[in-house]
Amino acid sequence: MARDKIYLEEEFPSPLLQLWHNFRHSPVVMIGFGCFIFLCVLAIFSPIISPYSPINNHLDHLLLPPAWHEDGDVSFLLGTDNLGRDMLSRLMHGASLTFGLSFVVVIISLVVGVFIGSLSALTKGLKSSFLNHFLDVILSIPSLLLAIVIVAILGPGLNNTLWAIVMVLIPQFIHITRNAVEEEFQKDYVLASRLDGASSIRILSYSIFPNIIEKLISQATLAQSAAILDIATLGFLGLGAPIPMPEWGAMLANGIDLFYIAPWTVYLPGLAILFSVVATNLVGEGMRHAIKQRKVN
Amino acid sequence: MLIFTLRRLSLFVFTLLLLTLLSFSLSFLFPGDQVTNISGQLNASPEHLEMVAAQYGKHESIFIQYWRYLTHLFQGDFGISMASQLPISEEVLNHLPATIELSSVALLIAMLVGIPIGFIAAIHHRKVTDNIILSFAMIGYSIPIFWLGLLAILIFSIQLGWLPSAGQISLVYEIEQRTGFQFFDILLSDSPYKWQAFQNASAHILLPACVVALAPATIFIRLARTAMLNVLETHYIKAAMAKGLNYRQIIFRHGIRNSLVGVIRDVGLQFANLVTLAMVTEVIFSWPGIGSWLIESIYQRDYTAIQGGLLALSSFIFIVHILTDFIYASLNPLAREVHHGSR
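These protein sequence lines map, in sequence, to chains A and B. Mapping of the first sequence onto the working numbering: position 168 corresponds to residue 168, and the numbering continues sequentially without gaps. Mapping of the second sequence onto the working numbering: position 156 corresponds to residue 156, and the numbering continues sequentially without gaps.
The following block holds chain A by itself, in its conformation from the complex (with noise of 0.2 Å):
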């Protein structure tokens, strides 16, 4: 029998592993955490999983409650909205609207945001200087102000909001970014790789990325649940996603004349939200616990 390890071998897991066992720990963590992989499955997989089309009238069932009503039928679980639209299904291709192109749009800004940051990183003086007092004056305007303005550039309409979006979440990943990696090159390990004659480029890549890596992703998650209620409040203001696109801020202002007569189709796409934004704070939240663990041991 083939034995692997002879010797007693001393591992160190890397840093993203090290946090997943201090992550795993907390059991309403990992509940989030579900919750946050079920909604991503949800995302990519809606058009398959869900019963109807999200934009197909049911002329014959206009306003059916949910299910559990007495005047609910089964077949339509979440029951209908004013046009007959199955709200089951609008929730479940608003998971990929909403849900979906948060994660999309988190992802690009991070990336931006980590190259921007890291350069600025490795300037000094004025231009370091002017840039962040700039990032100043743009991170101390309200979030949806700037998204607004942007709006106001571009125009109306999904896209242009996604985009308006990640140009307001880039600056606190460039934040982030250059302030973890300025307290990293204080250190000493990265001295010694300095001392071995490593380019600054190559001591960003090989010795400081894998040791910042996860201040990011707990930065990552908090910018999407802003981006979750950003890409919502534009869509409930008409700024962005259209009305008969199932994107759950605009499902919500869809339904504020029924809110009366029909309430579901107000407390549904709102649940939504509340459900997606609390299981992103859940997972960051957990995250940034099993990092202050690491930190202590």
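Check the hints yourself; a few may be wrong.
Said to hold, decoys possible - Okay, derived cross-link-like pairs now, PhoX-like style, lysine-lysine, Cα gap no bigger than 25 Å in a straight line: (1) K215/A to K187/A; (2) K215/A to K295/A; (3) K295/A to K194/B; (4) K187/A to K124/A; (5) K127/B to K292/A; (6) K127/B to K238/B.
Keep in mind that the hints were calculated from the coordinates and are not lab data.
Fit chain B to the supplied structure of chain A, relying on the hints for placement.
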């Protein structure tokens, strides 16, 4: 303290300059012709357009254009709104006080509710009370504001009928505008129904302010909790314990005072977030503030209004930042010396 003030003020001026630079560059990015946007008239005569272009130096280099833009701003001239044909500065002065009122009442509610709850959570650290408060804070932080506003209207205005759902004050009361701030105007007016009007205005502000306050209150809960936990671990608390003070005395004499200082520093940072929430809430509650005005301007493609609104709202937020910095520095001598204003 003088040096601190000077540093802070110079940073403030610098920040405002950057902001005007941002707003100046926006006029190139907005769709449509720049000069038409500034003039505020859709079908302006060529002579009028030529006059506006000459005023803003549109035929000269970009630096001169920026300089002209700045001088116009300093004279209080933000351009003319395309939708209402009024000067933007007048529109901003009409709408900003309502937003300031709403957000300061909301901030007050958030602090009065959030900070004590945070202290309670810290005192019961890692117990059932702490967990309940923290999970409540998580939900309050995640709830979409427009949904919360709609639910609040449905429950408190429609079903229970306790509070009015829209507007700043009932139309029955005629209040002469003097300062623009509703409450001051009411108190200054010599109407015989002053107190009824005051009560009515308070009833109107309560619901939107509570809706705006929920998310910041949950953030204050967390801030106050962390600040109190940090204070309870310091040496002077240990010294106080060694002196024989009981737990209640320690919390009331040392804990609350020292942790409040830490919380106040972050109040300013929360303000931008609070204004964002207030903007959406204004739309739902038909509050005549600058947020609903700005969103209305987008529908009407009133670009000069958006530019002016951005400038006004952001400088208001910067002023609040600076004020909280000063309050923090005057409360905490350590802050004046270590970091300076520049960072």
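Cross-check of the supplied hints:
| no. | hint | verdict |
| --- | --- | --- |
| 1 | K215/A to K187/A | holds, 17 Å |
| 2 | K215/A to K295/A | holds, 12 Å |
| 3 | K295/A to K194/B | violated, 60 Å |
| 4 | K187/A to K124/A | holds, 18 Å |
| 5 | K127/B to K292/A | holds, 20 Å |
| 6 | K127/B to K238/B | holds, 22 Å |
Checked against the numbered hints above, the structure violates only hint 3.
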